[in-house]
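Peer 1: Let chain A serve as the given structure and place chain B on it in line with the hints.
From first to last, the protein sequence lines are chains A and B. Numbering-wise (our numbering), the first sequence opens with residue 8 and increments by one. Numbering-wise (our numbering), the second sequence opens with residue 2 and increments by one.
Treat the hints with caution; some may be incorrect.
Quick partial rundown of chain B residues pointing at chain A, CB under 7 Å, derived from the structure [stated by the list, open to error]:
hint, residue
1, E85
2, T90
3, G126
4, E127
5, L175
6, E176
7, G177
8, F195
9, A245
10, S280
11, F330
To list a few chain B residues with every Cβ distance to chain A over 12 Å, as calculated [what the hints assert, rightly or not]:
hint, residue
12, M38
13, P40
14, Q289
15, D297
16, G359
17, T379
18, L406
These stretches of chain B come out as covered by chain A in the derived footprint (C-beta under 8 Å, 3 or more residues) [said to hold, decoys possible]:
hint, segment
19, 159 to 167
20, 178 to 190
21, 234 to 243
22, 308 to 320
Note that these hints are calculated values from the structure, not bench results. Just so you know, even glycine gets a beta-carbon here, dropped at the ideal spot from N, CA and C.
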Amino acid sequence: MTPRAPASPIAFSAAQLAEVRRLQALYPNPRGALLPVLHLAQETFDYISLEVEEYVAELFDLSPAHVHEVVTFYTLYFRAPRGRHVVAVCHNLSCHLAGAPRLLAYLRARLGVEAGETTDDGRVTLLAVECLCACEHAPMAQVDDRYELDLTPDKLDRILEGLR
Amino acid sequence: MTPERILTRNFERPGSHTLAVYRETGGYTAVDRARQMQPAAIVEEVKKSNLRGLGGAGFPAGAKWSFIPKNHTGPVYLVVNADEGEPGTFKDRYLLERDPHALIEGMLIAAHAIRSRLGFVYIRGEYVQPWRRFSEAVQEAYAVGLLGQDFDLVVHRGAGAYICGEETGLISSLEGKKGWPKLKPPFPAIKGAFDQPTIVNNVETLCHVPHIINRGAEWFAGLGTKTQGGTRIYSVSGRVRRPAIYEAPVSVTLRQLIEDYAGGVAGNGRLKAVVPGGSSAPILTADQIDVTMDVDGLRNAGSMIGSAGVVVMDETVSIPEALMVVARFYAHESCGQCTPCRESTGWIYKMAHRIVDGHGRKEDLDTILDVARRGGGTTICAFYDGAIGPYISYIEKFREEFEALIPR
Numbered sequence: 008m009t010p011r012a013p014a015s016p017i018a019f020s021a022a023q024l025a026e027v028r029r030l031q032a033l034y035p036n037p038r039g040a041l042l043p044v045l046h047l048a049q050e051t052f053d054y055i056s057l058e059v060e061e062y063v064a065e066l067f068d069l070s071p072a073h074v075h076e077v078v079t080f081y082t083l084y085f086r087a088p089r090g091r092h093v094v095a096v097c098h099n100l101s102c103h104l105a106g107a108p109r110l111l112a113y114l115r116a117r118l119g120v121e122a123g124e125t126t127d128d129g130r131v132t133l134l135a136v137e138c139l140c141a142c143e144h145a146p147m148a149q150v151d152d153r154y155e156l157d158l159t160p161d162k163l164d165r166i167l168e169g170l171r
Numbered sequence: 002m003t004p005e006r007i008l009t010r011n012f013e014r015p016g017s018h019t020l021a022v023y024r025e026t027g028g029y030t031a032v033d034r035a036r037q038m039q040p041a042a043i044v045e046e047v048k049k050s051n052l053r054g055l056g057g058a059g060f061p062a063g064a065k066w067s068f069i070p071k072n073h074t075g076p077v078y079l080v081v082n083a084d085e086g087e088p089g090t091f092k093d094r095y096l097l098e099r100d101p102h103a104l105i106e107g108m109l110i111a112a113h114a115i116r117s118r119l120g121f122v123y124i125r126g127e128y129v130q131p132w133r134r135f136s137e138a139v140q141e142a143y144a145v146g147l148l149g150q151d152f153d154l155v156v157h158r159g160a161g162a163y164i165c166g167e168e169t170g171l172i173s174s175l176e177g178k179k180g181w182p183k184l185k186p187p188f189p190a191i192k193g194a195f196d197q198p199t200i201v202n203n204v205e206t207l208c209h210v211p212h213i214i215n216r217g218a219e220w221f222a223g224l225g226t227k228t229q230g231g232t233r234i235y236s237v238s239g240r241v242r243r244p245a246i247y248e249a250p251v252s253v254t255l256r257q258l259i260e261d262y263a264g265g266v267a268g269n270g271r272l273k274a275v276v277p278g279g280s281s282a283p284i285l286t287a288d289q290i291d292v293t294m295d296v297d298g299l300r301n302a303g304s305m306i307g308s309a310g311v312v313v314m315d316e317t318v319s320i321p322e323a324l325m326v327v328a329r330f331y332a333h334e335s336c337g338q339c340t341p342c343r344e345s346t347g348w349i350y351k352m353a354h355r356i357v358d359g360h361g362r363k364e365d366l367d368t369i370l371d372v373a374r375r376g377g378g379t380t381i382c383a384f385y386d387g388a389i390g391p392y393i394s395y396i397e398k399f400r401e402e403f404e405a406l407i408p409r
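Chain B extracted, bound-state conformation:
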């Protein structure tokens, strides 16, 4: 039996991005129900649903909402992270283009729960079509009074910077600054955008909320594992026969995703390695794919689910070359604020590059491992911790392949 699709159920329906079609399929009924509920009851329902943040960090969504100070009387902001940029991830693009009203409804419910009257949707600058689509939906919602009564929504375009997907970097950018992450604490729920309490949620996380309100926390929790409810959208690419987005319960295994959903390994047909959760997730070898694709399943396997971007590599793929490509990305995207990240990402890229070019030095691999292992936890944000994941795992798991490229 094919599991029920929730987030993607209307994706093939003509006009799925329009208000009319969204309403035909039950859209905007959850927000009416939510408005009959006390804000605290909504937070409690989302907590019980075990909805985890689907942007990368996997933080429990209801708990995050509950951090807004109860005695705060000033404005509270709801910010949507639509700065999708984790290599291997492309799910939010689909949600923005094919079901923008689901996000708006999720925002309306979240805003009621955290008592926010103003929200921002930060869409990466390169997403021109998704930005147009979503902006049209916002206009539709304003025209019929869904927006503009007790909640306003501003669509904000980014300008090209991966770091703005980090929630405090995103806040800096939204404030009209370069996207430098901020030291925590204070966490955004205490002091966020424009110095006010702010909740930053990923697109997909909020798109789940209307369904939780309509069908109940227990139903949602029951779809997943003990510690994470629901389904999520897995972006599967690389050497598979059918690269695409696939919605599945979070209890799906990586093997099922590759073999059943994506049609199996392409290339020479034999699996070598998989990046399970966007490029920052430590790589898994072919014998590690019997793992459930929830937050804790991947953590127990020594990797992370991150943004659920699955990149498959068959035996013909060069792991040193893949590391060079990934290292180039982190060197390019480091925001430059913290010395360990700024310096290491640049030098590690240079070392990975010279290894691939056949000019590696025999101490290079240990230097990369040493620098990477020392650097964890030394920076303001999680960017460098994310970069370390591939540096260490690619070399530790495929060391012989690197050594074969280094002149003796």
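Bound conformation, chain A alone:
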């Protein structure tokens, strides 16, 4: 597997550190900026390793255990390298009724991975996720930042072609 290599060493640039301070100043208690700073950390370091947790903990003067507790609570923080693209298929009620199980089966076969896994070439991480609140366009998926709606196998093929 060849995922994106994490930037090293684990450190924000001067501009990013200024952004961290700006975010912290927005909240009555600077700790309020923890989730946004973890988003920034994930954009920068690709995923939230234990080292990243320790680094972020230092920026907030929090224990690494607190940051770990937060990181592991939420689904959008990745704790291991992921693929260059993430395809997150909704499998909740309306998408289920519209054929999400068939779509997931198609993707598993097409990509050769189970939900939660990354393709050998590091291109795609496949996820099955809970309601993304676009039920009027079921079945749907989130592909990186975008919502892809009214999916069919053909449409999925076209989307996958676009993922390098």
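Peer 2: Quick look at chain B alone, frame taken from chain A:
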């Protein structure tokens, strides 16, 4: 006659998300009017309008605002719950993307009413496009001084957790913690975000406020039922011909929504069941849809309006399979804080799964019902009470269908 649309009236207008178009259509006139009013008069107006919280709990909005202690001299925070996540609901996504300034104006008026100088909008992490759109609107509002004079607004992105839609879970998350709900009392209006009095309102609730100020409480109250004013946005999905959002007066019936608004039942065309208010709302059978879609109408029918997410099932849908899907969701999203919820959601999912797989045991259905009935009211927040709704109603109303899957 098509009823007047209020919240969605500009949705088809090009550039509806921009300050210029919002102003062209009368935007930001209500906040000027509100600033001429005493805070207590605004609260009174909203009380009289019968505006109910549209995020799920249906609590009267004006009454909630009035709970801020009068003698409090420190900061008061206004928090907007844009952590839309109730399965079957997608209305706030539209409001954030297509009319973000309506939310900002609603916030400005609410902030004046509760004397808040700082607000937060908590947007679910998956909503990247709505977050960008709303953030652009906030920048526009800052640029012309609508924000930043006596009220500041922070846009906060969540990180993926349904429980953060629960108002005290949301507050924990906003404070930089895992989204564990907090014991009430104290209620957020007394001790909320960062230990200060806090009002948490849903996006749609606040988007109504400018219209109430401009057109009056009586007009708004007159649009709805005796106990709930106005319109709301119904998210209709599942097996209907035209799945979409539909704004309607809260006196609309479920039958009208399905047949007139959403074009009727798809699939085999014959209705089997409907989830009327997001997945936590007890399911209704085909003969229960002549019910008004307001808070009390659904309560009297033994269900709840919740977030007004309507999921329609035709006769070809397997109810045990639907329960398995819903149970998987609650098992995944239980925050783990309270034992009854953490344990039951996991085990009930396993039982629902094995029933669908044909390995159910004959005692499983009664075990699920027993565990669910005992668990209500035993946890810190309403999450588990919400999970119980589908567990009990799916099995009680469609028991034969479950039994047919269980080997004798």
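Peer 1: If a hint holds in the structure, say so; if it does not, say that too.
Peer 2: Going down the list of hints, with the structure as the test:
1. Among the interface hints, the one on E85 (chain B) holds; its C-beta lies about 5 Å from the nearest C-beta in chain A, closer than the 7 Å criterion.
2. This hint holds: T90 (chain B) has a C-beta 6 Å from the nearest C-beta of chain A, less than the 7 Å allowed.
3. The interface hint given for G126 (chain B) is met, as the beta carbon of that residue sits about 5 Å from the closest beta carbon of chain A, less than 7 Å.
4. Against a cut-off of 7 Å between C-beta atoms, the interface hint on E127 (chain B) holds, since the closest Cβ of chain A lies about 6 Å away.
5. For L175 (chain B), the interface hint holds, since its Cβ comes within 7 Å of a Cβ in chain A; the closest pair sits about 6 Å apart.
6. Interface hint at E176 (chain B): satisfied, since its Cβ lies 6 Å from the closest Cβ of chain A, which is below the 7 Å cut-off.
7. About 3 Å separates the beta-carbon of G177 (chain B) from the nearest beta-carbon of chain A, less than 7 Å, and the hint is met.
8. With its C-beta approaching chain A no nearer than about 4 Å, F195 (chain B) sits inside the 7 Å limit, and its interface hint holds.
9. Interface restraint check: A245 (chain B) against chain A, minimum CB-CB distance 5 Å, threshold 7 Å, status holds.
10. Contact between S280 (chain B) and chain A, as hinted, is supported at the beta carbon level, the nearest pair being about 6 Å apart and thus within 7 Å.
11. For F330 (chain B), the shortest C-beta to C-beta distance to chain A is roughly 5 Å, which falls under 7 Å, so the interface hint holds.
12. For M38 (chain B), the non-interface assignment is confirmed: its Cβ lies about 28 Å from the closest Cβ of chain A, beyond the 12 Å cut-off.
13. The Cβ of P40 (chain B) sits about 21 Å from the closest Cβ of chain A, beyond the 12 Å cut-off, so the non-interface label holds.
14. Q289 (chain B), annotated as away from the interface, keeps every beta carbon of chain A farther than 12 Å; the closest lies near 18 Å.
15. Every CB of chain A is more than 12 Å from the CB of D297 (chain B) (nearest about 25 Å), matching its label as outside the interface.
16. For G359 (chain B), the non-interface assignment is confirmed: its Cβ lies about 16 Å from the closest Cβ of chain A, beyond the 12 Å cut-off.
17. Every Cβ of chain A is farther than 12 Å from the Cβ of T379 (chain B); the closest lies at roughly 22 Å, confirming the non-interface assignment.
18. Look at L406 (chain B): its CB is around 17 Å from the nearest CB on chain A, clear of 12 Å, so calling it non-interface holds up.
19. With 5 residues carrying a beta carbon less than 8 Å from a beta carbon of chain A, the segment 159 to 167 of chain B meets the three-residue requirement, and the given coverage holds.
20. Closer than 8 Å: that is the beta-carbon criterion, and the segment 178 to 190 of chain B has 3 residues meeting it against chain A, so the requirement of 3 holds.
21. Figure legend: the segment 234 to 243 of chain B, annotated as covered by chain A; annotation consistent (5 residues with Cβ-Cβ distances under 8 Å, at least 3 required).
22. Counting residues of the segment 308 to 320 of chain B whose CB lies closer than 8 Å to any CB of chain A gives 4, so the stated coverage by that chain holds, three being the minimum.
Checked against the numbered hints given earlier, the structure satisfies every one of them.
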